[in-house]
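Asker: With the hints as your guide, set chain B onto chain A.
One-letter residues, chain by chain:
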Amino acid sequence: MNLQIHRATLIRFQSLIALFLLCLALSILSDKFLTVSNAWNVMRQVSVNICISTGMTLIVLTAGIDLSVGSVLALCGAITAGLLKNGIAFPAGNLFIGFTLLGALLAGVLTGSVLGAFNGWAITRFKVPPFVATLAMLTIARGLTMLWTQGFPISGLGDTFLFFGTGWFLGIPVPVWISGIIVVIAVILTSKTRLGRYIYAIGGNESASKLSGINVSRVKITVYTIAGALAAIGGILVTSRLDSAQPNAGTSYELDSIAAVVIGGTSLSGGRGNILGTVQGAIIIGVLNNGLVLLNVSPFWQQVVKGFVILLAVIIDKSNSKND
Amino acid sequence: MLKVDKITKRFPGVLALEDVSLTLEAGKITALIGENGAGKSTLMKVLSGIYQDYEGQIIFKNEVVHFANPKDAQEQGIAIIHQELNLIPYLSITENIFLGRELITQYGTLDKRKMKVRTQELLDMLKMSVKPETLVAGLKVGQQQVVEIAKALLTDSDVIIMDEPTSAITESEVEVLFKIIDDLKNQNKAIVYVSHKLDELFRIADHYVVLRDGKSVESGKMEGITQDLLIQKMIGRNVQVHRKVPIETKEGVLFSVKRLFLKHPVRSREYMLKNISFSVNKGEIVGIFGLMGAGRTELLETIFGLHPSVSTSEIHVDHTRMIINTPADAIKAGLALVPEDRKKDGLVLGMDVKTNICLTTLSDLEKRGLLSDSKESQLSEKYIEALKIKTSSPQQLAGNLSGGNQQKIVLAKWLATKPKLLLLDEPTRGIDIHAKSEIYKLIIGLADTGMGIIFVSSELPEILAVSDRILVMADGAVTAEFNSSDATEDAILRAAIPKSVYENQL
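Going down the list, the protein sequences come from chains A and B. Sequential numbering of the first sequence, starting at 106, is according to this note's numbering. Sequential numbering of the second sequence, starting at 3, is according to this note's numbering.
One chain only, chain A, in its complex shape:
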């Protein structure tokens, strides 16, 4: 009995324990790892993935998936940067619209929301599997990014804008504040609101949810819209940190994001998991990346190691849920 309780606690905190062991090992192996500046550095890098993965978690909880987050991130970052720097000029009417910082940011987030809503609409209205609908969006958004930027980075965006990606507030990097606030809101959303409850119910049993009077389509569209908006915020953070919107930004971010969700213990078949798990998953990936760099492991090997960590995490998770 006692053993069982210990086991249950162990399972509950498994990703925290893994994270702790990982940090312990890295601090022994490298004297640069356990420093305040490195810690903030890791967190700053991780915060983009946390933004995206929070949205991804909501989607995965409904038994869906979003492959388009990386491209949406790039497009929204580029739109914000482009509007901020150049505004919109209409050659025909000699019309020019300039954008304030706030306007440009809102336009970026709005674009992400619209693309997310489009995903949700295609999935619910035409019953396109989420994998396919968002795969299409991955290509569409990347193409739109190329069109918008003409394939060139948009750089030199002004100091105020750089504050979002590089600034500090009360001794904590601004991106960490932003992702932290998003996480808090998402935790409340999932655990304390009707929408959150419906998300879990739909992932657990869609047809029972529908029969219970839940508007399944509306919930799904909302969730994809939120994920699009969060990808946009991620795009703004990336652009601000680099002081440049790269047309190929965010490539394969969707994979890191799905990895964070899965390592965090959220089931890809939906209905089971939570936001805080995903945050731990994202930090584990971030620490691993950082540690491997500090240890001078070649980037090629880094990918191999990361792949095995993801596999291991899922295998452990599967064997745990079987024992329940």
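Any given hint could be a false lead.
27 Å max Cα-Cα, derived DSS-like pairs, lysine-lysine [claimed, not checked]:
{"#": "1", "chain 1": "B", "residue 1": "K384", "chain 2": "A", "residue 2": "K297"}
{"#": "2", "chain 1": "B", "residue 1": "K420", "chain 2": "A", "residue 2": "K297"}
{"#": "3", "chain 1": "A", "residue 1": "K297", "chain 2": "B", "residue 2": "K346"}
{"#": "4", "chain 1": "B", "residue 1": "K114", "chain 2": "A", "residue 2": "K315"}
{"#": "5", "chain 1": "A", "residue 1": "K315", "chain 2": "B", "residue 2": "K384"}
{"#": "6", "chain 1": "B", "residue 1": "K369", "chain 2": "A", "residue 2": "K297"}
{"#": "7", "chain 1": "B", "residue 1": "K265", "chain 2": "A", "residue 2": "K297"}
{"#": "8", "chain 1": "B", "residue 1": "K334", "chain 2": "A", "residue 2": "K297"}
{"#": "9", "chain 1": "B", "residue 1": "K142", "chain 2": "B", "residue 2": "K114"}
{"#": "10", "chain 1": "A", "residue 1": "K315", "chain 2": "B", "residue 2": "K369"}
{"#": "11", "chain 1": "A", "residue 1": "K423", "chain 2": "B", "residue 2": "K346"}
{"#": "12", "chain 1": "A", "residue 1": "K232", "chain 2": "B", "residue 2": "K265"}
{"#": "13", "chain 1": "A", "residue 1": "K315", "chain 2": "B", "residue 2": "K276"}
{"#": "14", "chain 1": "B", "residue 1": "K420", "chain 2": "A", "residue 2": "K315"}
{"#": "15", "chain 1": "A", "residue 1": "K315", "chain 2": "B", "residue 2": "K377"}
{"#": "16", "chain 1": "B", "residue 1": "K346", "chain 2": "A", "residue 2": "K232"}
{"#": "17", "chain 1": "A", "residue 1": "K423", "chain 2": "B", "residue 2": "K369"}
{"#": "18", "chain 1": "A", "residue 1": "K232", "chain 2": "B", "residue 2": "K422"}
{"#": "19", "chain 1": "A", "residue 1": "K315", "chain 2": "B", "residue 2": "K334"}
{"#": "20", "chain 1": "B", "residue 1": "K5", "chain 2": "B", "residue 2": "K217"}
{"#": "21", "chain 1": "A", "residue 1": "K315", "chain 2": "B", "residue 2": "K346"}
{"#": "22", "chain 1": "B", "residue 1": "K438", "chain 2": "B", "residue 2": "K284"}
{"#": "23", "chain 1": "B", "residue 1": "K265", "chain 2": "A", "residue 2": "K315"}
{"#": "24", "chain 1": "A", "residue 1": "K297", "chain 2": "B", "residue 2": "K377"}
{"#": "25", "chain 1": "A", "residue 1": "K315", "chain 2": "B", "residue 2": "K345"}
Just so you know, the hints here were simulated from the structure itself, not pulled from any lab data.
Answerer: Only chain B this time, still in chain A's reference frame:
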């Protein structure tokens, strides 16, 4: 040819078959009949190797056999043709027939030529003029059935079991099927024919075996027996469930549905439900009886707004016209549906009891826009106590509870919406006797508070026990209506048996 000797099959809490014996003779067709839940499908699954753990013996060609799996049964000569056809639509006839037992050339590749020749032989024998390379998706249902039969013949089966083979095919296809069955009989195969359509059995069967409540109660020759006698043998029990006293103080019409039609999902010119009209009074329990495929579930689903684009109807609740296009509309109109398959449609098994109970009424359980844990606990504890749901705590996962208690959770979540009319689809399926009687009591108690109840069931005794009025459905239409005082099992079953083309020939 094949002898089944005292087979008993247990499921947790249920005795599905008890000391069932039967004998199949070569060159004879044996009809297996019984009500829904009498044990027919369990027996067929034992015979075809799907269930391996049973008590008793199967003696096949004078040897005791015990099949390890369906493939083993097939190889030894027992083939089953299920009611739902098990063909892969986008493979050809040949590929389907040889699926899992492909012929291989000496180089290890598929021997397509040989397989095609063999398929052609089988199709010729079954007089089907379709090319072996035709995709199954392009065949009519009747033709697909013939492909299933060809599959059975490929392994040279001695025993062929057919489960409701005419349930999905047209009249002319039935003719073809019967000719094939006659041919098989002349080839000395033993055939088990399961069907609700009694008139068909009189046409083709030689022997009959009646199953009732998991026991083999009667067997004999079809010659000299009548349909009435068979029906009696199928029912044959004394009803001892307490019958509800019909309420005479009917307080007026609560719910009515008029001219309800539902289109067939595939064949768009046909209707699944045809012109159904009925009403329910306040405090009245209306039982709806029908055999498998009569359209009972579809009727409830259509009323509840699950098929808005393919159905038409006119629904009134409390004399107000209601437009119901989604379950949310239905709930707003005061309806609640307890679905037939509680695991698939009723519960989120991975969520706890409390969350499941609260799922339909979350908007009432909020405080300042956030869900209130105390309100949720209050609601769920109220219903756990009222319905006597046996659970270690409200936090227990719904999936860990017994069938009866799961059904009570589904009831609880719907009672929480304070419905005016409760639609129950087979509410006692798969739950034990004790839980059943608790559910009956509950339903009667609810009706006494003025709630209208539609109670769909395929079990006659329970329909008779709890209903005030009984509607009988067959083939998507209401075929009879009884007051519970003058309803008899006999009359109900007679109205429920679908009429096929042979009615007039008898």
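Asker: Now look at each hint and say whether the structure bears it out.
Answerer: Here's how the hints hold up against the structure:
Of the pairs offered as hints, the one joining K384/B and K297/A holds, with about 21 Å between alpha carbons and a cut-off of 27 Å not exceeded. Distance check on the hinted pair: K420/B and K297/A sit about 24 Å apart at the alpha-carbon level, within 27 Å; holds. Of the supplied pair hints, the one linking K297/A and K346/B holds, its CA atoms being roughly 26 Å apart against a limit of 27 Å. Restraint check for K114/B and K315/A: not satisfied, since their Cα atoms lie roughly 47 Å apart, outside the 27 Å limit.
Proximity of K315/A to K384/B is assessed by CA-CA distance (about 25 Å); at most 27 Å being required, the pair is judged to hold. Simply put, K369/B and K297/A have alpha-carbon atoms about 10 Å apart, close enough for the 27 Å limit, and the pair holds. Taking the CA atoms of K265/B and K297/A, the gap is about 42 Å. The hint is violated against a cut of 27 Å. Among the hinted pairs, K334/B with K297/A is consistent with the structure: their alpha-carbon atoms are about 24 Å apart, no more than 27 Å.
Distance check on the hinted pair: K142/B and K114/B sit about 24 Å apart at the alpha-carbon level, within 27 Å; holds. Taken as a hint, the K315/A and K369/B pair is honoured in the structure, with Cα atoms around 24 Å apart against an allowance of 27 Å. Proposed proximity of K423/A and K346/B is supported: the alpha carbons are some 23 Å apart, at most 27 Å. At roughly 21 Å between alpha-carbon atoms, K232/A and K265/B fall within 27 Å of each other, so this suggested pair holds.
Under the criterion of a C-alpha separation no larger than 27 Å, the hint pairing K315/A with K276/B is consistent with the structure, at around 26 Å. At roughly 19 Å between alpha-carbon atoms, K420/B and K315/A fall within 27 Å of each other, so this suggested pair holds. A distance of roughly 23 Å separates the Cα atoms of K315/A and K377/B; the hinted pair therefore holds under the 27 Å criterion. Under the criterion of a C-alpha separation no larger than 27 Å, the hint pairing K346/B with K232/A is consistent with the structure, at around 20 Å.
For the given pair, K423/A sits about 37 Å from K369/B by alpha-carbon distance, which is inconsistent with the 27 Å threshold. In summary, the hint linking K232/A to K422/B is not supported, as the alpha carbons are separated by about 34 Å, beyond the 27 Å threshold. A C-alpha spacing of about 14 Å is found between K315/A and K334/B, which places the hinted pair at or below 27 Å, so the restraint holds. Simply put, K5/B and K217/B have alpha-carbon atoms about 16 Å apart, close enough for the 27 Å limit, and the pair holds.
Taking the CA atoms of K315/A and K346/B, the gap is about 11 Å. The hint holds against a cut of 27 Å. Of the supplied pair hints, the one linking K438/B and K284/B holds, its CA atoms being roughly 24 Å apart against a limit of 27 Å. With a CA separation close to 21 Å, the supplied pair K265/B and K315/A stays within the 27 Å bound. Annotation: proposed proximity of K297/A to K377/B holds, straight-line Cα distance about 12 Å (limit 27 Å).
A hinted pair counts as satisfied when its Cα atoms are at most 27 Å apart, and K315/A with K345/B qualifies at roughly 14 Å.
In this structure, the hints that do not hold are numbers 4, 7, 17, 18, in rising order.
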